[in-house]
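Novice: Each chain, letter by letter, is given below.
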Amino acid sequence: MEDKSMTGMIYLFSGFSITWIILFIYLFSMVKRQKSLEIQIEKINSKLEKVQNR
Amino acid sequence: MTKRIFEITFEVVTFLLMLAALYAIFIYAPIEKTMGIVQKIFYLHVPAAFLAFFAFFITFLASIVYLYKKDQKWDVIAYCSAEIGVLFCTIVLITGPIWAKPVWNVWWTWDPRLTTTLILWFIYLAYLMLRGVVRENQRANLSAVFGIIGFANVPITFFAIRLWRTIHPVIITSEGINISKPMKYTLLLTFCAFFLFFLSLLKNRIKLERLKIKTEKVRAVYEEIFSS
Amino acid sequence: MIFFRKLWAIVWKDLLSELRTKEMILSMCLFSFLVLIIFSFALGAEVMNLKTIVPGILWVVFIFSGLMGLGRAFGAERDRGTLPGLLLCPLSPWGIYLAKMVGTFIFTAIMEIFTLSIFIILFNLNLLPFLLPLGLIFFLGTLGFSAIGTLFSAMSAATKSRDTILSILVFPITVPMLIAAVKATETILAGKTVTEVYSPLKILIAFDLIYLLIAYLTFTFIIEE
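Residue numbers (the numbering used here), protein chains in the order written: chain D, 1 to 54; chain U, 1001 to 1228; chain Y, 2001 to 2225.
Because the hints were derived from the structure by calculation, they are not lab data.
We treat Cβ as the ideally placed atom computed from N, Cα and C, and that holds for glycine.
Careful: at least some of the hints might be erroneous.
Computed footprint of chain U on chain Y; a stretch qualifies when at least three of its residues, placed anywhere within it, have a C-beta under 8 Å from a C-beta of chain U [claimed, not checked]:
{"id": "1", "segment": "2022 to 2032"}
{"id": "2", "segment": "2095 to 2109"}
{"id": "3", "segment": "2163 to 2175"}
Partner residues are not named here, just some residues of chain U that face chain Y (Cβ under 7 Å, in silico) [claimed, not checked]:
{"id": "4", "residue": "Ile1123"}
{"id": "5", "residue": "Val1133"}
{"id": "6", "residue": "Gln1138"}
{"id": "7", "residue": "Ile1149"}
{"id": "8", "residue": "Thr1157"}
{"id": "9", "residue": "Leu1163"}
Straight line, CA to CA, 20 Å or less: simulated EDC-like cross-link-like pairs of lysine to aspartate or glutamate [as the list claims (entries may be wrong)]:
{"id": "10", "chain 1": "U", "residue 1": "Lys1203", "chain 2": "D", "residue 2": "Glu42"}
{"id": "11", "chain 1": "U", "residue 1": "Lys1212", "chain 2": "D", "residue 2": "Glu38"}
{"id": "12", "chain 1": "U", "residue 1": "Lys1069", "chain 2": "Y", "residue 2": "Glu2225"}
So here's chain D without its partners, still in its complex pose:
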């Protein structure tokens, strides 16, 4: 009886955790992509400034 509810808990826990892990991985990948885009923009900006100051 108790064993059944424990297995139930384990499944419930894995279900919820996998869902949140997937969502967080997606969120992190979005943040990472945004950061890399911002770095690219920075590079382009700095090169433009160098040319302007010449």
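Dock chains U and Y against chain D, hints included.
Specialist: What follows is chains U and Y alone, placed relative to chain D:
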């Protein structure tokens, strides 16, 4: 300025609703009689399924509008919605078996709805792959056509799978959950929380995609200037 | 009428050019033959004429071999550089699509007739009493497959890994057609009454109509550049 305030309030409300939903799922909602505590996965599984469908529907509509107006912003909406749809679809396909195993002692049931979701997952995964291999000048056009075909396929797939199930009779025939009022309210709350979360994800993903497109344009201009 | 004449001109061109090399139709038929043999080794020769398995195996072979021929519809045009010429034809995009689809249908049908004959010979199947209804089901199923396949062939012609993406696009969309065709074939072979074929038949007809309609509405966008 007001737009920024609206955005922040939106995110905060989403977050609070999620917390409220979690409380409702674990503390407020009663434990189901026949299935036990595992049944609570249903509060994730059902909203995710609906949202995946909704996301693919958005892709379908945006694809149609794109073919009419040829404005790239609709292609961006279609693409981002498809990506998030695949995300939620994956969640449905993972939580489904995790729920099924302790309750019916099988990992997979060829339930028409779950099977149609599997096909839908393949279809929009194919959509994402198509975008990866097609050249830029045709990408929006072809993805739009496939986005329309993919969604139009759903009703006919569902009926075909229902027909198929009568050929291959399956052990599990129905869901069989007794829904009490507190469960209904919990489901509604969780659904609203996930709906707002979906909107927020979509909005941010679209913003990211637009940023990417802009960066590429700037880079192209920059390279043109410096190569001449 | 002129429309049909122009359409037939393109179909005839495809038929003639294939007749010269016979390359594709031979590989499709050889492939289907091989798959049948492999199935019999995998499942056991006695199992192969069981009325429960025959429809499934038949349609799987049709689809796998059919996929080989799909790439040809627009792939060959693109490779030989004749695609711009084809598009300049004084025929609406819908006409070009129909012409290509008819060509695909004919080649696939030839492969299917060949496969069916080999099946009957190798596994002692008696299909004679069922020929007419079976013919109808094969016609509708092949029509749906050609309709979808030609559409996706046009889409994947411009891509790098053409055949891979073609298969990935075709399989999920063809699922309803496959299920309905197999169920209909099975019902007919089991000698059941006509009314039982109605549901899969309805699905097949709906599938064909829906995808022909979608092709009509969207083909212009696929060949736009």
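Novice: Evaluate each hint against the coordinates.
Specialist: Verification of the hints:
{"no.": "1", "hint": "2022 to 2032", "in the structure": "violated (count 0)"}
{"no.": "2", "hint": "2095 to 2109", "in the structure": "violated (count 0)"}
{"no.": "3", "hint": "2163 to 2175", "in the structure": "holds (count 7)"}
{"no.": "4", "hint": "Ile1123", "in the structure": "5 Å, holds"}
{"no.": "5", "hint": "Val1133", "in the structure": "4 Å, holds"}
{"no.": "6", "hint": "Gln1138", "in the structure": "6 Å, holds"}
{"no.": "7", "hint": "Ile1149", "in the structure": "6 Å, holds"}
{"no.": "8", "hint": "Thr1157", "in the structure": "5 Å, holds"}
{"no.": "9", "hint": "Leu1163", "in the structure": "6 Å, holds"}
{"no.": "10", "hint": "Lys1203(U) to Glu42(D)", "in the structure": "24 Å, violated"}
{"no.": "11", "hint": "Lys1212(U) to Glu38(D)", "in the structure": "9 Å, holds"}
{"no.": "12", "hint": "Lys1069(U) to Glu2225(Y)", "in the structure": "16 Å, holds"}
Checked against the numbered hints given earlier, this structure breaks hints 1, 2 and 10; the rest are met.
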